[in-house]
Amino acid sequence: MKYTVAQIAQLLNAEIVGDASLEISTICKIEEGAPGGLTFLSNPKYTQYIYSTRATAAIVNKDFVPEQEVPCTLIKVENSYLAFAQLLNFYQEQQAAKAKTGISPLACIAESAQIGQNVYIAEFVSVGEHAVIGDGARLYPHVTVGDEARVGARTTLYANVTLYAQCVVGDDCILHAGSVIGADGFGFAPQNGQYLKIPQIGNVVIGHHVEIGANTCIDRATMGSTKIGDYVKIDNLVQIAHNVEVGEGTAFAAQSGVAGSAKIGRHCIFAGQVGVAGHLHIDDQTTVGAQSGVTHSLKSGVYLGSPAISADRERELIVYRRRLPEMYEQLRKMKDNQ
Amino acid sequence: MKYTVAQIAQLLNAEIVGDASLEISTICKIEEGAPGGLTFLSNPKYTQYIYSTRATAAIVNKDFVPEQEVPCTLIKVENSYLAFAQLLNFYQEQQAAKAKTGISPLACIAESAQIGQNVYIAEFVSVGEHAVIGDGARLYPHVTVGDEARVGARTTLYANVTLYAQCVVGDDCILHAGSVIGADGFGFAPQNGQYLKIPQIGNVVIGHHVEIGANTCIDRATMGSTKIGDYVKIDNLVQIAHNVEVGEGTAFAAQSGVAGSAKIGRHCIFAGQVGVAGHLHIDDQTTVGAQSGVTHSLKSGVYLGSPAISADRERELIVYRRRLPEMYEQLRKMKDNQ
Amino acid sequence: MKYTVAQIAQLLNAEIVGDASLEISTICKIEEGAPGGLTFLSNPKYTQYIYSTRATAAIVNKDFVPEQEVPCTLIKVENSYLAFAQLLNFYQEQQAAKAKTGISPLACIAESAQIGQNVYIAEFVSVGEHAVIGDGARLYPHVTVGDEARVGARTTLYANVTLYAQCVVGDDCILHAGSVIGADGFGFAPQNGQYLKIPQIGNVVIGHHVEIGANTCIDRATMGSTKIGDYVKIDNLVQIAHNVEVGEGTAFAAQSGVAGSAKIGRHCIFAGQVGVAGHLHIDDQTTVGAQSGVTHSLKSGVYLGSPAISADRERELIVYRRRLPEMYEQLRKMKDNQ
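Each protein sequence line maps, in turn, to chains A, B and C. Quick note, the first sequence lines up with residues -2 to 335 if you use the working numbering. Quick note, the second sequence lines up with residues -2 to 335 if you use the working numbering. Quick note, the third sequence lines up with residues -2 to 335 if you use the working numbering.
Hints are computed from structural coordinates only; laboratory data are not their basis. Heads up, some of the hints might be wrong.
One copy or two, either will do: identical chains are not told apart, so a pair holds if it fits within one copy or between any two.
What the hints assert, rightly or not - Listed below are the simulated DSSO-like cross-link pairs for lysine-lysine, each with C-alpha atoms no more than 30 angstroms apart in a straight line:
1) 194 with 296
2) 296 with 97
3) 97 with 330
4) 59 with 296
5) 42 with 194
6) 332 with 260
7) 296 with 330
8) 194 with 260
9) 97 with 194
10) -1 with 97
11) 97 with 73
12) 42 with 59
13) 296 with 260
14) 73 with 194
15) 332 with 42
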């Protein structure tokens, strides 16, 4: 990659403050900038670094006004974070030209499987009977695609991903290493003091443009389908139980979990280590703070705590709880004075 | 599958209310029923759906009395959930006839390993020296069975399961994809400001009829064995540390964890994201609510909170905590009035 | 293994109380001791067992004074836990002589990869283009080493470990089964109500003498490197997000998680199920108790709670919270009396 600041500004429809002729050869963090490097400033916590960065140019928000001299050229855009993301995507598309293709002779593909055009199937991949692999899909080493499972076009399955039989992944998805789609839901009926397993005869259906983190698990439905909507983004080590439905554009941070049959709305955000109990309904555009425990259905809003309540109220209670010793002491004194 | 309602009722020893001659060709959820479908009603939350289901027949509890007309035939049994589970098992047994068998030429099996009758060993399975695979065991692609490890009869190891050397899994178990049995326990002795690794020379011994979820980890003992009793059911992403012992019929929901050397009784239930500290004793038939943190040994009972206390008391404290602002205000007023 | 008590005492520079000529053939737990067994006593909770153990000898702290007759020979040392760890290491080194070596003809190694001396590379291992495998490294079945990734000397990667492209693991490390190093960080820019993926073009750099637990995930940096210092010890199912930096000698217990760009000091301890929010700084020698949620940067100290505060203060608040019903009742009475 070799571009001038002017070329990049043109790509981003941006305004330049400084030398437009400088050459950019790499992308770098603002606090670790190097000559030839392009960085960006979005989080105000990092503003301090722009006055000392060694980067050649920085993408900043239009409304950024330096409080002192800045040692690099500024590329001013509406939304610096978004512009930087676009640039990284542009960079990665160019890298993609070098991407691996072809089907390894060391893959094991059932004769009845249907394989699309321009796929990459690595060594030691297993593709089951009647499975379907879409055009341009990419399967890294040790991926297992079960019988009758389907992988959409341009979808990437990194190493060790397991897609159980009959499960479906849409187009343009990314499943990271070790993720498991379609293991049996955790369903047992108590019988004579033991558990009788409830066979899990449903599947998992994942939409398009979904990203699923490393070692995340999405269980197959008892009957019907566990459903993950389009544009859902799931981080690492997340648990999605059987028969859960997740609406379009919802995001789960790492180590969060959703119990069986919960219905999660669209454009919700679940922070890290959140738990959602089974059979609940979560409205669209609901946000739940880290480590919260959702024990009842939620209307759109922001929630926090275990059990989760309105975030404002929980934050208030956290403050009041810290006054408990003082309150106790006051009470004791009043009692003594009576 | 094609049965009449009458045939199914006979199988379940059930009473029929409605047309016994109707034909059933599939199993379905009550809210998504379709003609030819058989569903069930157990959770009272779903009662509303029985008045509008498109299913042909529904298994219900004997004591269910409809409040309005029901559009399907009712099959009345003692315990509808259990009856449905039995039916699903019956269905799955029929499916099992189609199950894969045989040993793939692409598996890698040590010559000294001992392989039972009627096994399924998929491509890319690795079986170590002196390992033992029981009759009817099923090993999916990318399973690793370490040296001297043992897999019981009729046990299924799904894709990517790792059974470390010397570990033992009993009969009729199911280990889901990505589960890791026998990794080193987390044991270090501080020495000169660093950690000296304590070699973990024990193993894991899993009983019969145990189910273990996807990406769950059970560590090998420092010495002796980490022990999982018969009929234990463990969900996904659970952590069982070294030298833990789990009694018969105990269940762990997803993302729960037990620290080293804890002794867990029989028929306990740990809900999602629970943590249990090391070296504790948990009595038989103890239930611990979601996200609780168990910091001391527990007598039989129901517990909640972090740190976990009696669930009744914790629920009471949750309510009182919400009165804190009101209490604080009252105190302030009283003080002002003094 | 066959040694006399005298030989072991000499190895540990220890004092013997009892018969020094007895023969030791195995290592055992104090509560399950057997003739010929050597055990140790460190945790005072286990002191009771030394009076009834069937072990032949026990390593104890110098200052241990039995309160009644002890049925085994005592081997007295400065630090019994450390001495026992040394002995186990000695034992394991002898076992290591039997360790597997050689490169399986069923491994798939890119021609451009650089493979060190005396390595063990098992069947179904995949090593990518220009990857580097150090001398004495050990790769178990189904390991994936991505393009241009590097594995240090004497480092062990157990079954199913995935090392993404360009990631680096130092010397003398142990990565347990299913761990995933270098999956994409969870970075998205909201755009028109959807998420635009931020390509993650950095890598992960792991130091020397690091141990990483089963199914643990360490994400690659957006730019630059996610950094794990020397001697860091990470348990199972832990999440380390993109651009996190962890200082030397820090330990994470199972199921803990650190969000993006957090800077963690040296010699910190994070107990089980702890969460640390993004972009925080944690000072050296900070300890955080189980299930805590760290929401702001921390100075050296001991912390507890969600949100985490000083452990002493949190423990005090836990006690006061339990007095809430009593306080509420007192307030009510006072009000009635006014």
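Comparing the hints with the structure gives:
1. 194 with 296: between (34 angstroms within a copy, 28 angstroms between copies)
2. 296 with 97: So residue 296 and residue 97 fail the 30 angstroms test inside a copy (46 angstroms) and across (47 angstroms) alike.
3. 97 with 330: Neither. Shortest intra-copy (76 angstroms) and inter-copy (73 angstroms) distances fail the 30 angstroms Cα cut-off.
4. 59 with 296: neither (36 angstroms within a copy, 36 angstroms between copies)
5. 42 with 194: between (52 angstroms within a copy, 22 angstroms between copies)
6. 332 with 260: neither (51 angstroms within a copy, 46 angstroms between copies)
7. 296 with 330: neither (43 angstroms within a copy, 35 angstroms between copies)
8. 194 with 260: Answer is both: 24 angstroms inside a copy and 25 angstroms across each meet the 30 angstroms cutoff.
9. 97 with 194: between (43 angstroms within a copy, 21 angstroms between copies)
10. -1 with 97: Within one copy only: 24 angstroms inside a chain, 48 angstroms across chains, cut-off 30 angstroms.
11. 97 with 73: For residue 97 and residue 73, the Cα distance exceeds 30 angstroms both inside one copy (36 angstroms) and across copies (59 angstroms).
12. 42 with 59: Classified as within; 17 angstroms inside a copy, 53 angstroms across copies.
13. 296 with 260: within (12 angstroms within a copy, 36 angstroms between copies)
14. 73 with 194: between (60 angstroms within a copy, 21 angstroms between copies)
15. 332 with 42: Neither, since 49 angstroms and 43 angstroms both go past 30 angstroms.
Of the numbered hints listed earlier, those contradicted by the structure are 2, 3, 4, 6, 7, 11 and 15.
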